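Chemist: Which chain is which? The protein sequence lines are C, X, Z and S, in order. Residue numbers for the first sequence, in the numbering used here: 620 to 953. Residue numbers for the second sequence, in the numbering used here: 620 to 953. Residue numbers for the third sequence, in the numbering used here: 620 to 953. Residue numbers for the fourth sequence, in the numbering used here: 620 to 953.
Hints are computed from structural coordinates only; laboratory data are not their basis. You may find that some hints are simply not true.
One copy or any two copies: either way a pair holds, since identical chains are not told apart in the list.
[Unchecked claim] Calculated pairs, EDC-like style, for lysine to aspartate or glutamate (alpha carbon to alpha carbon, straight line, at most 20 Å):
1) 708 to 656
2) 708 to 891
3) 754 to 884
4) 662 to 682
5) 754 to 933
6) 754 to 789
7) 708 to 661
8) 708 to 682
If you're wondering where the values come from, they're calculated on a predicted model, not measured in any experiment.
Number of protein chains: 4
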Amino acid sequence: MTVRIGVIGTGAIGREHIERVTRTVSGARISAVADLDTAAAEKAAARCGARVAASGAELIGADDVDAVLVASWGPTHAEHVLAAVAAAKPVLCEKPLATTVADCRRIMAAEQRLGRRLVQVGFMRRYDPGYREVKRAVEDGRIGRPLLMHCAHRNRSAPLAYTTEMAAQDSAVHEIDAARWLLADEIVSAQVVLPRSTSRRHPHLADPQVMLFETAGGVRIDVEVFVNCQYGYDVQCETVGELGLIRLPDPARPHLRAAARAGTEIDQGWGERFSAAFDAELRAWCDSVAAGTASGPSAWDGYAATAVAAATVEAQRTGGVVPVAVGERPALYA
Amino acid sequence: MTVRIGVIGTGAIGREHIERVTRTVSGARISAVADLDTAAAEKAAARCGARVAASGAELIGADDVDAVLVASWGPTHAEHVLAAVAAAKPVLCEKPLATTVADCRRIMAAEQRLGRRLVQVGFMRRYDPGYREVKRAVEDGRIGRPLLMHCAHRNRSAPLAYTTEMAAQDSAVHEIDAARWLLADEIVSAQVVLPRSTSRRHPHLADPQVMLFETAGGVRIDVEVFVNCQYGYDVQCETVGELGLIRLPDPARPHLRAAARAGTEIDQGWGERFSAAFDAELRAWCDSVAAGTASGPSAWDGYAATAVAAATVEAQRTGGVVPVAVGERPALYA
Amino acid sequence: MTVRIGVIGTGAIGREHIERVTRTVSGARISAVADLDTAAAEKAAARCGARVAASGAELIGADDVDAVLVASWGPTHAEHVLAAVAAAKPVLCEKPLATTVADCRRIMAAEQRLGRRLVQVGFMRRYDPGYREVKRAVEDGRIGRPLLMHCAHRNRSAPLAYTTEMAAQDSAVHEIDAARWLLADEIVSAQVVLPRSTSRRHPHLADPQVMLFETAGGVRIDVEVFVNCQYGYDVQCETVGELGLIRLPDPARPHLRAAARAGTEIDQGWGERFSAAFDAELRAWCDSVAAGTASGPSAWDGYAATAVAAATVEAQRTGGVVPVAVGERPALYA
Amino acid sequence: MTVRIGVIGTGAIGREHIERVTRTVSGARISAVADLDTAAAEKAAARCGARVAASGAELIGADDVDAVLVASWGPTHAEHVLAAVAAAKPVLCEKPLATTVADCRRIMAAEQRLGRRLVQVGFMRRYDPGYREVKRAVEDGRIGRPLLMHCAHRNRSAPLAYTTEMAAQDSAVHEIDAARWLLADEIVSAQVVLPRSTSRRHPHLADPQVMLFETAGGVRIDVEVFVNCQYGYDVQCETVGELGLIRLPDPARPHLRAAARAGTEIDQGWGERFSAAFDAELRAWCDSVAAGTASGPSAWDGYAATAVAAATVEAQRTGGVVPVAVGERPALYA
């Protein structure tokens, strides 16, 4: 049986997912696409042999759609995810699950009423081979009990529309999820330290930023977010435990010696860096849809990430330590 | 349209290909499998929903088989490939294309009579992201005109059946193809230098070996083959040019510091090391089958590799320099 | 002319300096040693052919002592340094210059009255080839204007006598000086973040700690101090600028592949890690003594480091951000 | 007691040694220098406070010279070394010990008549911290019994006077000695393989070259010599044993990320690369002179290296395998 997927949103990430499902995922195909920009939807549909749905709602309800992939603008996520849950269809939602904590709670409530998980959130790093190997090593006790985590999230440059808040909501949110997942622990406070900003940014932006998190278990995490670092896309993650430390590997690139320098090239974008992670994420999601099960980052994970990101945005404004209280994890997400 | 693939040979590599086509290649499925060991064939068929063909010949001729994947015992390759060409069906043949130079010539002759390429040889390293990036860099002139190549091919341990000749035919044959491809040059001589052998080998085996090749263009290549190196699976390839050198990257593994040591784990097998390469190879082959085109390593490449490996085996015996003359490349393979 | 050096303090670091001057520094010799533990002093003196002085004061005043090296217990530093300045003799004082800010000011006042620099503080990292190359690269604009610094200072294990305060005063003080020197900037505030402590420590100790500093120019610095990290001695320093980043190199150790692991051994102590730095420090100091000049970390540097360390200790207690005001730098130290 | 050293030859390497002894070696000073170029001798003498000797012979015989350092033109080495042995004075001779095997034998005969070792040959790599750590690891059995060695010796560019023979005599001679020392084994044959030469060389020169050596114990060694590699000075040495492999470390240089590239700078010359080795070599030699003992590479090592280099030059001409028979090692050099 081939899983028929409907995609809402045919922007850059939506088109990447469509291409990926079409080319590298067995047992799945795109059956319908929806976008407010009809021309974009038609173009995307033509490339993968899908139909254009009249709207996200129509797509979610349609008989030729077994599962929904939400890749539209963030503020519309909650509406589509809630509709998919109401239709009892599995949904993979790009991060964020929702832009407000209240909407995240609404989604969890809907799943709980239904009594089963349908929502997976697009935290693709959990599928990156490097992160997965780090996770295994930490669980195997290779570094002992974790105590500290040092992270960096660097982009070559940010567009004009990128705001100081997005450093938390769009960039660090990946580190927030990765830390929660690697440590199997919840974040309980956030602080933001602002160094002088680089001159190579749009004037409205505080860049770089250092975000500090504490977990319920007492682990301390620092995250450098630097979205105009100029030299490339660079994701670092080091976990320090009682017996040692483990670092996320840099991508495998050839070693070159020429012109008095030895080294490698640096990836320039997340698409290149996390290509294998996206492949694995979509394959795992389609498999779980076909099997009628749920796996991967849940609505709870999407909620916790949104809650921590919101506290981080408040910490940007106040300069102080902002507590985060995610509450008790519902049994459905145990 | 889904490409229906028939697989001949359900040993380890055959089963890996079946699993891969089934799970990670879109637009293709396994429709039939054949194996002299009927029980093995039935087991493999059951796992992917294919039928068991009565024989390789039946499979090749069947209407439900669009393309053939040959993963049987080396000495049977030529027969199956010739049958596939006779049936005008695309065929992906695991290396070697054939165990004798004469059989390789026969296959090329068949393709030439037909007037088009149907055969792809399973030199999967050409699809490894690291090798591909090295190739691009060499072509872009990043290291200037190549002069030397230093390679190593190490396995943790070899089974009892592994012979001194197989170090050339089964192991170094990958380096032989990779060198021809990276340098876009033909090998014209082979020499083998035998150090004392490791004590950790079966007594009949010369291990390690150093193979020396020269290309028509004057590039010199040295290849260490060491199939009982104990520490893991390790493939090294360094090309030295007039302006610099480039090295194949080691796999991206997390960096660990613990117990007074810093470093990474080492892959233990080729399946792990070249997993992404096999994915890309099969995807590219299925795409070219669907498109009715041919790409990747050709029968000519399979022939040249077999010819060089044969000279290397002779060099193992004589200790001297053995010339290789592959002759003029037919227009079909230009 | 050979510089005759008197050494006060013949503990571990004192004996190392004596050995170093005797064996690897030309143009200098140890003429006298002093220690409250007379037996230790006699043993050290015998090994290098020096006499035992009756006291630090006697040594400083003696005609056979051209310059003084203070390697005694920290709280005695100020007294010996002040005596050396009073005697107008050059003095190399192990860190800290003094344990209180007031004593550091007293020493600066004495030098200023004299109108010339006599004091060098033992911040040997400024002589480490790696740190020096980082300094040159930063000054050459290789990474653009610095914005952030990420540091780690890890020891295998700490003795019972090591206290939470010493993480700032004895360990991070090296990072404090290195950051001031690399950035040519003063630290204006300190904060300490305490993760859960490792179980592998003495119960009185908070370990690890994360210290956060801000400079007058707005650079933010984070320093992990972890003195029971178990795996070895490990010093990391990464400076992030507007154009790129630069990392202190790890020591050059052979790369080993064996038993499924690839990597290097890790140094186990600071003596091994900074051996070349100590050589260069002592050689530079003896040269400047011979030349009648002053170079290297000054009393001002010793004062600033002590002031920042004191603020860090206060920050350990309060949990908040503690300002540091070092005031105007006197002309003598411009 | 200060060792008084006379230096014959004040070219680049001679001046480096003079500077080194003067500045970084305790317990030794330069008392006399000799050079056919009197002006050069006077200039060198003035810088270190030594006198100018009338000739090498006068210097060797003089009362103010305890030990002799020969850094003159290679063909004059034998004469000076023989004179020093005749005068029963310790002598450190830059490589080669002598340019002919016959002269090397003459020197060994003179030492044997005297009944004690006076000669040390300037194979400074034995004092390089990286090589020493490799040696220790090999001796400790970390890689098991050695089987293979892969080496590279690359220079940015060679002067006009550099000849094809010098690739063996002046460049690979370092690898020849290092291999004999690391393996504690003698080389018994040499072969040279010539790839096409780089276009960036003087027309008379074959560059690069690959030299192949075999030891009495059956270890095979390949050495790439490439003296116009353009990108820098690069020395590689990898030893493969029954249990694993060990690689000489690259120098510790800061890691830089900027302009889409990650990596380090490459040393540009041997002086920079082996600076610590030269320091340690001269310190060890002066210590052994002071102690009246002998250590380090002996006349036997100098002889063996010259014999292997001579065979390598013959192999360059013939293209074949040239045997080397160093004979029985005299008891003096056991």
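Chemist: Does each hint hold? Answer for all of them.
Modeler: Cross-check of the supplied hints:
In this homomeric assembly, residue 708 and residue 656 never come within 20 Å of each other (Cα to Cα): the closest approach is 24 Å inside a single copy and 44 Å across copies. Taking the shortest alpha-carbon separations for residue 708 and residue 891, neither the intra-copy value of 30 Å nor the inter-copy value of 35 Å comes in at or below 20 Å. In this assembly of identical chains, the alpha carbons of residue 754 and residue 884 lie at most 20 Å apart only when taken from different copies (14 Å versus 26 Å within one copy). For the homomeric pair residue 662 and residue 682, neither the shortest alpha-carbon distance inside one copy (22 Å) nor that between copies (36 Å) is at most 20 Å.
Taking the closest pair of Cα atoms, residue 754 and residue 933 never come within 20 Å of each other, the shortest separation being 30 Å inside a single copy and 37 Å across copies. In the homo-oligomer, the alpha carbons of residue 754 and residue 789 never lie at most 20 Å apart, since the shortest distance is 23 Å inside one protomer and 34 Å across protomers. Taking the shortest alpha-carbon separations for residue 708 and residue 661, neither the intra-copy value of 24 Å nor the inter-copy value of 36 Å comes in at or below 20 Å. In this assembly of identical chains, the alpha carbons of residue 708 and residue 682 lie at most 20 Å apart only when taken from the same copy (11 Å versus 38 Å across copies).
This entry does not satisfy hints 1, 2, 4, 5, 6 and 7, going by the numbered hints stated previously.
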